[in-house]
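Enquirer: The listed protein sequences derive, respectively, from chains U and F. Going by this note's numbering, 52 is the number at position 45 of the first sequence; the sequence numbering is gapless. Going by this note's numbering, 4 is the number at position 3 of the second sequence; the sequence numbering is gapless.
Hints listed in this document are in silico derivations from the structure and should not be mistaken for laboratory results. Beta carbons: idealized from backbone N, C-alpha and C, even for Gly. Don't take every hint at face value.
To be verified - Short, incomplete list of chain U residues facing chain F, as computed with Cβ under 8 angstroms:
hint, residue
1, Leu18
2, Ile50
3, Phe79
4, Gln83
To be verified - Cβ pair distances, simulated, as ranges:
hint, chain 1, residue 1, chain 2, residue 2, range
5, U, Asn102, F, Leu39, 24 to 34 angstroms
6, U, Phe134, F, Phe57, 54 to 64 angstroms
7, U, Glu131, F, Ala8, 55 to 65 angstroms
8, F, Ile10, U, Ser64, 53 to 63 angstroms
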Amino acid sequence: MRMVVISLIILLLMMGIWAWFYYGSVNPVTTYYWDNLEYLSSIVKNEDWETAKKDISIYTDKWHEVKKTWVFFLNQRDLDNIDSSIRQLNIYIENEEKILAQAELEHLVVLFYVIDENESLILENIF
Amino acid sequence: MIVAIRAVILYAVLLFAMRIMGKGDLGELQPFDLVVSLVLAELAVMPMEDLDAPLFHGLMATSVVMFLQCLISYITLKSNSARKIICGTPSIIYDHGKFNIKDMNKLRININDVLGQMRLKGYYNFKDIDYVIMETNGDVSIVAPESQTADRIKRIPIAMILDGKIMYNNLEKFNVSKEDLDKSLKKENLRYKDVLYGFIDENDKFVFYKR
């Protein structure tokens, strides 16, 4: 019985860590990026490059903070894809490339959507 | 280097998991326990090989398997019916001269397997044993009236018929004529296909065990 209790405690601990990670980090962070990237898209559409440059700098800094935790729980490839997309987006906005920046913004939204979808507790993910 | 560090961490986790699950001796494992051990090993290898996969995935899967295994072990310890379902029951495959063909077929073991296990345990003749029992962990127990050592046997019994088929190689090798075999079978009113195991013993006497 002791071993059952020990293994149950370990399992609950692992599940608790996952729940903290998903509900405390993945879910709010992806929602944050969906909302803000959509807003950034409208800024880029209006070619307000000064605001766009300021905003993308904030989002990039936040991403570097978030990545420090995510790296322990998520597939490295998914994180690398977001890294690469954010870097490209920075270059497009810096060079004021409207169409390319808008396309990359959509790509980035999809990458965050994929992360949230892969981690969420839904039947499709189980099977 | 990263692989080496990951390997060390996973090794420690596996060691801990195996200790928690109480796996001391692989030879005593139930078939189900063996499968769980293999699954655990596979779970550890995945994050060890794939550097893109986070260690957390392997640790989570390992803790789930470890918990389920501990739970199943506890249930089988406490409940007889659960033990029957999960571990199965021992089968008596030979009982005082009679073979339990139904159970042998169910366990998918043939007469050669039984003879091999007998020899491994130092018995060469069904005459010397009362029961052959297939245990739930796949081991074979032999119950004999008294301990029979190989020294007391002049010659090991030579199989002449196995599962209804004549062992022509043995007939030739040990100079046994097929006519003598036929005569002995006729005397006992048996056909080849009725015989599960027929042999010539140390006194050159034919002994047949029916199906």
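Enquirer: Look at each hint and say if it fits the structure.
Expert: These are the hints, each one checked on the structure:
1. Leu18: Check passed: Cβ of leucine 18 of chain U comes within 4 angstroms of chain F, closer than 8 angstroms.
2. Ile50: With Cβ-Cβ at 34 angstroms, over 8 angstroms, it is violated.
3. Phe79: holds, 6 angstroms
4. Gln83: Given a least distance of 4 angstroms, the restraint on glutamine 83 of chain U holds.
5. U:Asn102 with F:Leu39: 24 to 34 angstroms: Taking Cβ atoms as reference, asparagine 102 of chain U and leucine 39 of chain F lie about 55 angstroms apart, which means the hint is violated.
6. U:Phe134 with F:Phe57: 54 to 64 angstroms: violated, 22 angstroms
7. U:Glu131 with F:Ala8: 55 to 65 angstroms: The hinted range 55 to 65 angstroms is violated for glutamate 131 of chain U and alanine 8 of chain F, with Cβ atoms some 33 angstroms apart.
8. F:Ile10 with U:Ser64: 53 to 63 angstroms: violated, 37 angstroms
Violation of the numbered hints given earlier is confined to hints 2, 5, 6, 7 and 8; the remaining hints are satisfied by the structure.
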